[in-house]
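Undergrad: The primary structure of each chain is shown beneath.
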Amino acid sequence: MNSDVFAPWEDPQAKPLIQFQNVTKRFGDFTAIDNLSLDIFEKEFFALLGPSGCGKTTMMRMLAGFETPTEGHIMLGGQDIDPIPPNKRAVNMMFQSYALFPHLSIWENIAFGLRRDNMPKRDLEDRVEEMLRLTRLTQFARRKPHQISGGQRQRVALARSLAKAPKLLLLDEPLGALDKKLRQDTQFELMDIQEKTGTTFVIVTHDQEEAMTVASRVAVMDQGQLMQVATPDRIYENPNSVYVADFIGDVNIIEGRATANGEDTYQIDWAEGQAPLTATSAKGFARGQACHLAIRPEKVTISADRPADAINAVQGKVHDIAYLGNLSTYHVELPNGTIIKAQTANTRRISRRSFTWEDPVWLSWTATAAVLLAD
Amino acid sequence: MRRAFLIAVPYVWLLALFLVPFFIVLKISLSDIALAIPPYTPTLDFSQGWSGIKDFFSQLDLENYVWLTEDDLYWKAYLSSVKIALISTFLTLLVGYPIAYGMARAPAEWRPTLMMLVILPFWTSFLIRVYAWMGILSNEGYLNQLLLWTGLISTPLTILNTNTAVYIGIVYTYLPFMILPIYSALERMDESLIEAAEDLGCSRVQAFWLVTIPLSRPGIIAGCFLVMIPVIGEFVIPSLLGGSGTLMIGKVLWEEFFSNRDWPVASAVAVVLLLILVIPIVLFQRNQQKQTEAEQ
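Here the protein sequences line up with chains A and B, keeping their order. Taken in order, the first sequence gives residues 12 to 386; the numbers are from this note's numbering. Taken in order, the second sequence gives residues 276 to 571; the numbers are from this note's numbering.
It is possible that some hints are incorrect.
Unchecked claim - Far from chain B by the CB rule (all over 10 Å, computed), these chain A residues:
| # | residue |
| --- | --- |
| 1 | W20 |
| 2 | K26 |
| 3 | D128 |
| 4 | E309 |
Claimed, not checked - With a straight-line cut-off of 20 Å between C-alpha atoms, the simulated DMTMM-like cross-links for lysine to aspartate or glutamate are:
| # | chain 1 | residue 1 | chain 2 | residue 2 |
| --- | --- | --- | --- | --- |
| 5 | A | K207 | A | E140 |
| 6 | A | K155 | A | E141 |
| 7 | A | K192 | A | E220 |
| 8 | A | K54 | A | E21 |
| 9 | A | K155 | B | D320 |
| 10 | A | K178 | A | E53 |
| 11 | A | K155 | B | E568 |
| 12 | A | K294 | A | D275 |
| 13 | A | K294 | A | D331 |
| 14 | A | K99 | B | E470 |
| 15 | A | K328 | A | E283 |
| 16 | A | K178 | B | E470 |
Since the hints were derived computationally from the structure, they do not count as laboratory data. Every residue, glycine too, gets a C-beta built ideally from N, C-alpha and C.
Same shape as in the complex, but just chain A (with noise of 0.2 Å):
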């Protein structure tokens, strides 16, 4: 790998800044968070992924210090956190609902916290407006919270928790509540302004896309477990388990037997009357043993004949034709009943599209493009 990349999970000498160490929170007889151990490193931009209900917010929740965990401990920079009281923690928090101060003004709720501090007067002023400037709000430094529009007020609730210069920054999903549009503009603009003050991120998101964009790496969680704990690109290309492949974007999921055939080659068969699937896996996998063939829509090519060299390939006929624009996603009925969907881009006009419903059509995909799952 590339020195340059920022890549410290891979470096064994590098120290976390935060970790989780067999951490368990129990709320009642309900366990939230189930055993749980994570590092995050400095600089990170860290995305906690996962459905509601998964333990995301309680995870942010107990580094901000409004949680303290049932069982296990909580480190950062080395020390253990559980004793101290949210305002003694060099971490601060973006809230989802933003919780800006209705009867203060933009520059008094950025200045609030430093106020707490007893920053001097000049050195207050200066960052106060530093922040303004970062988030681009000078011109509404002297107006209300509910003056202003919900992006803004979400630049607000930013500039007030990094005005301190945390160690950490938590955000609960930070851009929840804007339309989606402005989510993915602001979603670059989180992005520099982390790497402009080289904060460490942490970020809870119910929204895969969000997670990807942004994050260095991304926890996908659920039922209180990390499911896995890796970059956008491994997470995407390399899923460890049905649920994750199945959370993150789009995925057909075929169930089958699989047979090794040669050096991590696997044959896998997975319904009557139809050819075996060839698929690689690093991973060994018992004769004849239960397993997931999972295969993204964009990896599955559709064709009117089926291509002379390919390794899988089935026939079935279309079902439906989801139209986003830029792509068509087809769902292509086999003849026993299952559904696979393939996705192409539209680079002709759809009146010159090739297929339409209830056409006959060849699917195929090499060996490579499936993952082979386990379970």
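Could you slot chain B onto chain A? The hints should help.
TA: What follows is chain B alone, placed relative to chain A:
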């Protein structure tokens, strides 16, 4: 037509129930006391025609208002009423705020019950509740019996017929008017604001002073006015629980009216009281208006 009718309804209401009685009282306050029925003169006599009306107006004068400034009883009573109202409003706030805060922080399923408990005293007559306090606060009352029994005191405390009893009575009676507006302000408050304040370096106490109090200010102001305005003119509590030393304008008014049968002076007292009350009422209206504007 429909529009005019809709606007007319509140105006007729105001005219019939506020302005007409006010002008009757104002008219009596400008009259002179007389041994007659009604006990004042002049009375308006329409049978005399225009000259009768002219005659009536020529007899009205500001004598009673001048009298109010001459006898120091009246301004002392006004001053003492305002003082008692201010102190008791402050005491009601001290007692009411923690209760409202506790209610707003209670689990959501408890809140209707707590609200019910606050409103429950209204189901009994106000007069009976004040009489009940006489039973509690008198020298042989429950409070003294309890204190004697626990050994905290050896001789009964004299509470009834003092200003202390008046304060207790006012705080007890007007507490719901303080609690409800503060509760509604606190209940609407986003809990995450407190967390945000703590996250930015506030202790719990600082967060309370810097966030909770400013955000509940409209409720505090509304509650204070709702208590203070009626307390200035309060009559029942000082006359039942207060002693001879308790000077309140409501009591003076009552005595002028029923003991002295001096309706004109009593009316003058009432008109001046109204003028005193107009100031806080206007301030209160302003506060309400500002609040509605802020919410929009």
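Undergrad: It remains to establish, for every hint, whether it holds in the given structure.
TA: Going through the hints against the structure:
The claim that A:W20 lies off the interface holds: its Cβ sits roughly 27 Å from the closest Cβ of chain B, which is beyond the 10 Å cut-off. The beta carbon of A:K26 is kept farther than 10 Å from every beta carbon of chain B, the shortest such distance being approximately 25 Å. For A:D128, the shortest C-beta to C-beta distance to chain B comes to about 6 Å, within the 10 Å cut-off, and the non-interface label is violated. Every C-beta of chain B lies more than 10 Å from that of A:E309, the closest at about 40 Å, which supports listing it as non-interface.
Restraint check: the Cα-Cα separation between A:K207 and A:E140 comes to about 16 Å, which is no more than 20 Å; the hinted pair holds. The straight-line distance between the Cα atoms of A:K155 and A:E141 is roughly 19 Å, inside the 20 Å bound, and the hint therefore holds. Straight-line distance between C-alpha atoms of A:K192 and A:E220 comes to about 13 Å, which keeps the hinted pair within the 20 Å bound. The hinted pair formed by A:K54 and A:E21 meets the criterion: a straight-line CA distance of about 14 Å does not exceed 20 Å.
With a CA separation close to 62 Å, the supplied pair A:K155 and B:D320 exceeds the 20 Å bound. For a cut-off of 20 Å, the pair hint linking A:K178 to A:E53 stands: about 8 Å separates their Cα positions. For the suggested pair A:K155 and B:E568, the alpha carbons sit about 13 Å apart, so the restraint of at most 20 Å is met. Taking the CA atoms of A:K294 and A:D275, the gap is about 8 Å. The hint holds against a cut of 20 Å.
With a C-alpha separation of about 35 Å, the suggested pair A:K294 and A:D331 falls outside the 20 Å cut-off, and the hint is violated. Note on A:K99 and B:E470: the hinted pairing holds, with a Cα-Cα distance of about 13 Å set against a maximum of 20 Å. Distance hint between A:K328 and A:E283 is fulfilled; the C-alpha atoms sit about 18 Å from each other, no more than 20 Å. A hinted pair counts as satisfied when its Cα atoms are at most 20 Å apart, and A:K178 with B:E470 qualifies at roughly 19 Å.
Checked against the numbered hints above, the structure violates hints 3, 9 and 13; every other hint is satisfied.
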